[in-house]
Every structure is written in structure tokens, then in C-alpha cells.
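*Asks:* Sequence:
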Amino acid sequence: MADLDQMSIQMDVNALVREEIITDRKVGTIRVLTPVTVEGTRDLNREVIYMGETQIMTQMGPLPISFQIKAATLQEAVQGYGEAAKAGVQETIAKIEEMRREAASKIVTPGDAGFAAAASKIQMP
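Mind the numbering: the sequence shown is residues 1 to 125 in UniProt numbering, read in order.
In case anyone wonders, no lab produced these hints; they're calculated from the structure.
Zero decoy hints are in this set.
Only pairs whose alpha carbons sit at most 20 Å apart, straight line, appear in this in silico SDA-like list of lysine to any residue: (1) Lys26 to Pro62; (2) Lys95 to Ile65; (3) Lys86 to Gln55; (4) Lys70 to Val17; (5) Lys70 to Met51; (6) Lys70 to Ile49; (7) Lys86 to Ile56; (8) Lys95 to Lys106.
Fair warning: this is a prediction, and the values are worked out from it, not measured in the lab.
Work out the full structure: start from the sequences and follow the hints.
*Replies:* Pasting the structure below:
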């Protein structure tokens with residue numbers, strides 16, 4: 001375990017945002033991330049970011065999906081939510097499929113953490 005006294009844990013004062021949650025309580029949520037200065041005033045040098053959130057049901061239960069919505073206003077973010085959500089879900093599914101392919105193609109050899117588990121399933125007649 002890392003020595004907590006040695007860790008440098010500090011917030012980046014140049015990346016502060018105020019977060020608001022907008023929802024229709026049916027389909028999903030939009031998080032509005034408004035840049036602020038360390039004094040709490042609006043930082044006009046940075047753009048507002050709109051992050052969409054939804055979830056899909058899987059065999060393991062609900063899987064949260066987050067995605068950025070390219071928009072300049074809340075109205076644009078609400079209008080663009082559906083397409084951004086579809087893209088976010090497609091990207092997540094593609095990542096899951098890639099992880100499955102990588103896991104399926106991994107060769108288990110002696111010394112690997114998974115070798116003992118694989119070897120324990122071998123049964124002698």
C-alpha cells in the first residue's frame with residue numbers, strides 16, 4: 001500500500017468546474033460542467049462542457065454510460081442527447097467486445113495468475 005504521507009493530493013485550481021445536473025427523470029441526465037475560478041466566479045476562458053449519462057441493462061445488471069455532448073448551449077445539449085447517447089453506447093459495447101477478444105486470446109502459461117485457476121479445472125480420468 002502506498003504511503004499516504006508521500007502522496008501529493010491537490011486539486012488543480014486551473015480545472016475547477018461547477019456541476020449542475022439536468023434530467024427529465026425518464027431517459028437520462030446531462031451534467032453541465034461550468035468552468036469557475038478558484039474564487040467561484042465563471043471562468044470565461046474555458047468552454048462549458050455537457051456530459052450525458054444513461055445506462056444499459058446487461059446480464060450483470062445496469063451498466064452506466066457517460067459521454068460528452070458537443071454543444072454550446074443547454075438547448076443544443078438536450079437536442080443532441082439522443083445521438084450522443086447512441087454513440088456512447090456503441091463505443092462502450094465496442095470496448096467490451098475488444099476486452100472479450102483480448103481475454104479469449106490470452107495464452108495462459110505457468111507463472112500467470114490465471115494458470116492455477118485454469119489448471120484446477122483439469123480433471124484426470
